[in-house]
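Undergrad: Each chain, letter by letter, is given below.
Protein chains: 2
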Amino acid sequence: MSERVIATYAIETSLPLERAAEILAGEQSTGTFVRVARETDDVRARFAAQVESLTEVARGDAAPLPGTVGDPAERRRAVLRLSFPLDNFGPSIPNMQAAVAGNLFEIKELAAVKLLDLDLPAAFGERYGGPRFGVSGTRELTGRPTGALIGTIVKPSIGLSPEELATVVDELVTAGVDFIKDDELQGNGPHSPLADRVAAVMPVLHRHADRTGRMPMYAFNITDDIDLLEANHDLVVAAGGTCVMACINMVGLAGLAHLARRATVPIHGHRAMFGAISRSDQLGFAFRAWQKLARLSGADHLHTNGIANKFYESDDQVLAAIADVRSPIVGIGETLPVLSSGQWAGLAHATRAAVGTDDLLVLAGGGIHGHPDGSAGGVASMRDAWDSAERGETVAQAMATSPALRRAVELFGAPRG
Amino acid sequence: MSERVIATYAIETSLPLERAAEILAGEQSTGTFVRVARETDDVRARFAAQVESLTEVARGDAAPLPGTVGDPAERRRAVLRLSFPLDNFGPSIPNMQAAVAGNLFEIKELAAVKLLDLDLPAAFGERYGGPRFGVSGTRELTGRPTGALIGTIVKPSIGLSPEELATVVDELVTAGVDFIKDDELQGNGPHSPLADRVAAVMPVLHRHADRTGRMPMYAFNITDDIDLLEANHDLVVAAGGTCVMACINMVGLAGLAHLARRATVPIHGHRAMFGAISRSDQLGFAFRAWQKLARLSGADHLHTNGIANKFYESDDQVLAAIADVRSPIVGIGETLPVLSSGQWAGLAHATRAAVGTDDLLVLAGGGIHGHPDGSAGGVASMRDAWDSAERGETVAQAMATSPALRRAVELFGAPRG
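Chains as they are written, first to last, in my numbering: chain A, -12 to 404; chain B, -12 to 404.
Excised from the complex, chain A in its bound form (with noise of 0.2 Å):
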């Protein structure tokens, strides 16, 4: 087997680049401190990784990261790809990982070291296989064969009793939405316990599919203990509920993996925790890593952040973030991205134009319950401006057709266009 996984770093260091690298490739493939017996020339050409390219970049003000040696003044940056033989450790996300992703945080040569991407071999597909529903399999079950899918959070995030919870679902379910979720801090607490929600939520969608033809999808969040995914996961199903929701980070990419095999309806991917390995410029990994093996894991959604949103992300930032969720890796299937965070109406036109796509799942959750008439008028205003931004028109003729958007406006402030 000769095929590679390459994975891109940026680093900075205060050595030679070349020599942090090769630092870099010894720790994460056949070195320790000193060479030892049959550390041979051959064993290192067989099994080390090999720097495949080193480009010094310009460096920001980032101080270096806590622990490092070398002189600050010398400190440049630089994009390396070093490849790793898959041989080392075979299409397993978690072994690969422990060599593309794990001591080489710790390397004091290092005074930045990020994972930007990864290019892997079409064995992890074969043996991931990705979403089992995506984009497709969830227009399907919506019933939503184009245009966005407007969806929304259960706000309160936690504090509902299941009979609450139904209230507002009835009340959503009533107004048009696509899709509902639970907030990644509902989880299985004894105030409001999964099977209670299930068993609050599903006759509401029941009826309004009765009524109508179409059941709203409601994302449950199934996140807990490996043990209790796939009985949580056979509950909602049982019920007659379409999707589960994991809190990726908190079940592991490994715990992903190990529901997507079992679930029969598609799996709603929160991000909750990505910030904590991300958000520092020298440290943790890009967005385009980490969804990459989010994606192989079996997300059929996964959360992007939208523009304007009230975390740290830039507009850019999310941009790319929605485009590389969208972006084919290891012919699996397409892992349809989540809009959320500070979400509304006015936002519509901006996104569309900047994302080109309507495959998207647009989520608001203040921006929905929290709008002047209510949740009725939140989601209103939210498919007027998505299908009127989908006909090309502008926010003044979406403004002038959508009484719901215009009460948007009042509350949250001129629209984005």
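Worth double-checking, as some hints may not be accurate.
[Unchecked claim] Taking lysine to any residue and the SDA-like style, the derived pairs with C-alpha atoms no more than 25 Å apart in a straight line are: (1) B:95 to B:3; (2) B:95 to A:268; (3) B:297 to A:5; (4) A:95 to B:3.
These are computed hints drawn from the structure, not numbers from a lab. Quick caveat: nothing in here was measured; it's all calculated off a predicted structure.
With the hints as your guide, set chain B onto chain A.
TA: Quick look at chain B alone, frame taken from chain A:
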């Protein structure tokens, strides 16, 4: 249920500290960016996260995290203790984690946000059980009732055939090592599959045990997809193996808990990738917080790094980590701290004096394999040095009586002490 989880954070912000604390508390419990219907005062009182204390501390010179808003000149640092009702999530690590360490890392009002510590109700201990073997179980299985356990990592990390591995292991056990582990880079690749390694190594260990009455512990790295962990574990146990190793961040804390519920031998918990979530002072998890979750989830052994290591951590950080792992939590048993990275015999006296215990597993990779007289000399030097330190001798006394230590010093330099 009135119990609460207390999460302690270091935060930096340009907002008034109290305001930033409220934003964090709101985002992680009842809030969204506008107040919504049904978010009553009663819901807030019952489910909201509460600020228990907020203490300003000196700020370092690290730059604000990317995407932070506010005037950098106004930036201040504080230690914030937030409490969350256990009722919000129940004693579920994944769901608790979504609250205490989820979206909050993305809050743009925070220029730094690092989870320093977690105080958990006893219900977590009851649900997860912690280590099943820990210190005493490991001592029993290795036949070392007292003294530091001396271990090593197979080197080269990867590239040995199963037959070559058997030869290396034979050398090491003949030299009297207590413990051997696969490198974290050695997973289950096609070059040296786990089954072949087990088949090659276990007869060597059995022959040694037949001769000496003691079987050294070999930690086979069984890290892989969740669906393979149990079979990998069973394969090791069926062959008479007494330990399995898991890269905790690769199988996830949830994967570790899944394995621990099934394991009939100790789990050697490797922390590869830990640097990605911890090396920045501005972001992620301090070891103190993370190790509690790893121990709860069932790590019998847990890597802490060692003094004078080849990675970024200072000796103070390492010693604090060893103390953390040994601090009792929520009624669970003791996890054995694993000292590794750049370890050799000359560090024994300084380490022993600083940690005040010999309930340690000390791993030397290059420090044993790279010894001038080979692995036998390496193991002898480690054993001599730790025995001497345990007797309360000085390094000079150890040097006077141990030829193996003197030979190690020739290569690795002056000992500490």
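Undergrad: All hints are to be evaluated individually against the structure, with a verdict given for each.
TA: Hint-by-hint comparison with the structure:
1. The suggested pairing of residue 95 of chain B with residue 3 of chain B holds, with an alpha-carbon distance near 14 Å, which does not exceed 25 Å.
2. Proposed proximity of residue 95 of chain B and residue 268 of chain A is supported: the alpha carbons are some 15 Å apart, at most 25 Å.
3. In summary, the hint linking residue 297 of chain B to residue 5 of chain A is supported, as the alpha carbons are separated by about 19 Å, within the 25 Å threshold.
4. Restraint check: the Cα-Cα separation between residue 95 of chain A and residue 3 of chain B comes to about 35 Å, which exceeds 25 Å; the hinted pair is violated.
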